[in-house]
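Can you build the whole structure from these sequences, using the hints too?
Protein chains: 2
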Amino acid sequence: MGKLILFPNSLAEDISADTFSAEMVKKIASIDGLIVESEKRARKFLKCFSFTEDRTFRDIPLVTLNEHTQDLSELTGPLKKGETWGLISDGGLPCLADPGANLVARLLAEDVKIEAMPGPSSFLHTLMLSGFPAQSFAFHGYFPKDKNNRKEFIQTILRRSEKENAPQLFIEAPYRSHHRFEELLEILSENVYLCIGADIMMQTEFVKTARISDWRKNAKPNLKKRPTVFILYTPPQSRKKAYLRG
Amino acid sequence: MGKLILFPNSLAEDISADTFSAEMVKKIASIDGLIVESEKRARKFLKCFSFTEDRTFRDIPLVTLNEHTQDLSELTGPLKKGETWGLISDGGLPCLADPGANLVARLLAEDVKIEAMPGPSSFLHTLMLSGFPAQSFAFHGYFPKDKNNRKEFIQTILRRSEKENAPQLFIEAPYRSHHRFEELLEILSENVYLCIGADIMMQTEFVKTARISDWRKNAKPNLKKRPTVFILYTPPQSRKKAYLRG
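In the order they appear, the protein sequences are chains C and D.
Numbering of the first sequence is given in the working numbering, commencing with residue 1 and proceeding in unit increments.
Numbering of the second sequence is given in the working numbering, commencing with residue 1001 and proceeding in unit increments.
These are calculated hints, taken from the structure and not from any lab test.
Check each hint, because a few of them may be wrong.
[As the list claims (entries may be wrong)] Below, computed lysine-lysine pairings styled on PhoX-like, alpha-carbon distance capped at 20 angstroms:
hint	chain 1	residue 1	chain 2	residue 2
1	D	LYS1208	C	LYS3
2	C	LYS145	C	LYS224
3	D	LYS1163	C	LYS151
4	D	LYS1113	C	LYS208
5	D	LYS1163	C	LYS163
6	D	LYS1208	C	LYS113
7	D	LYS1003	C	LYS208
8	C	LYS163	D	LYS1145
The following block contains the structure:
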């Protein structure tokens, strides 16, 4: 039986091997192929590394796995024949908010060995820098698409945030970040805390936590075309006075 | 103004610089001091690195931050004077389920610059290897201590798991892992899926996903004294038949 290794990808535009561990650089060298979210980003990733047996990054076979992939057998075949393949997403850790999890579930059922390497997660990174308590938290992926559903869902999870003292995390596609931010400032009540994490792990990284009332009063970041993490948090009543001097 | 850098620590007993990025190794070299969860584990961490100005790992000042720390001013003082300090927990990423978040919140209010480096998270690692869908999930830290509260809380979050298609993550201290596992096998209904992640990122790493009915039937891992991640998941009705051939 072969093996699938889940590798992190860089969150930055320019990918550098310096941001990965020596252990990972070594493991990448021996893969027989790579399962990828998009070919362009994958070649950029592979270009950082050296490979065994006089291979260059151009010699590593790529197979695409994305939301359009119907048949997983092209991906599982080489693994069942004993090969070692890697899996990456376009940025950060695979199998979180991308179709990698379906493949892992399938391989588990077929007893293929799977291992994972640590790496950057834009939402955990933002959570660590938010200053919010993180004994517990919830990650919701993208916001609901329908405006009414979205409003209702946000009200539900804010009640949960207050009851369970748990920040509520969302990610948003670059082209929607700006609108989502404007909308949140409009619909959230002024005592809700909002942390914005934009361009995480890039030169232009921006992370800021403030109450809605303060976001409204002060200069706002331009989030146009920037991948953004949104964290909403309502401190429990008992903690409200103490929290962030709010 | 100084700077606080949030560094990941290794999850393994023996810490090796090979598991960290070249970028992090470089940043560690220049810190003026380190805020730590425990001194013993921190010295083990520092021993892996080289430092600027003929310093060895023994020359780096340590200050402890744990659940007993009352006064944060000893920690914030050097940062306000312009020094660069690091912050680590005993394993994995700091500020998640440890008191680092209080310090970050305090420093944000005082405009001290904070940055973070990526690294291993035992619960994200287990989630990636679980095969569960992870478009959304919730992390609850440790299980509630009181048995009745615990049972009730688990029932609540399992309903939520089914409704929102979201795995529910917990961690447990090594000395409680075994008992918790036994208890979960006893109280969960047979169609709930349970993923166990023990000794994550160690040589003895163990990750397995199965339905409760299958966990009961088959040989069980010995979790005594092993740090363990527990992920509970009830697939929504519509997905039940397809999921993991369950």
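Against the structure, the hints:
no. : hint                   : in the structure
1   : LYS1208(D) x LYS3(C)   : holds (16 angstroms)
2   : LYS145(C) x LYS224(C)  : holds (18 angstroms)
3   : LYS1163(D) x LYS151(C) : holds (18 angstroms)
4   : LYS1113(D) x LYS208(C) : holds (11 angstroms)
5   : LYS1163(D) x LYS163(C) : holds (19 angstroms)
6   : LYS1208(D) x LYS113(C) : holds (11 angstroms)
7   : LYS1003(D) x LYS208(C) : holds (16 angstroms)
8   : LYS163(C) x LYS1145(D) : holds (17 angstroms)
No hint from the list above goes unmet by this structure.
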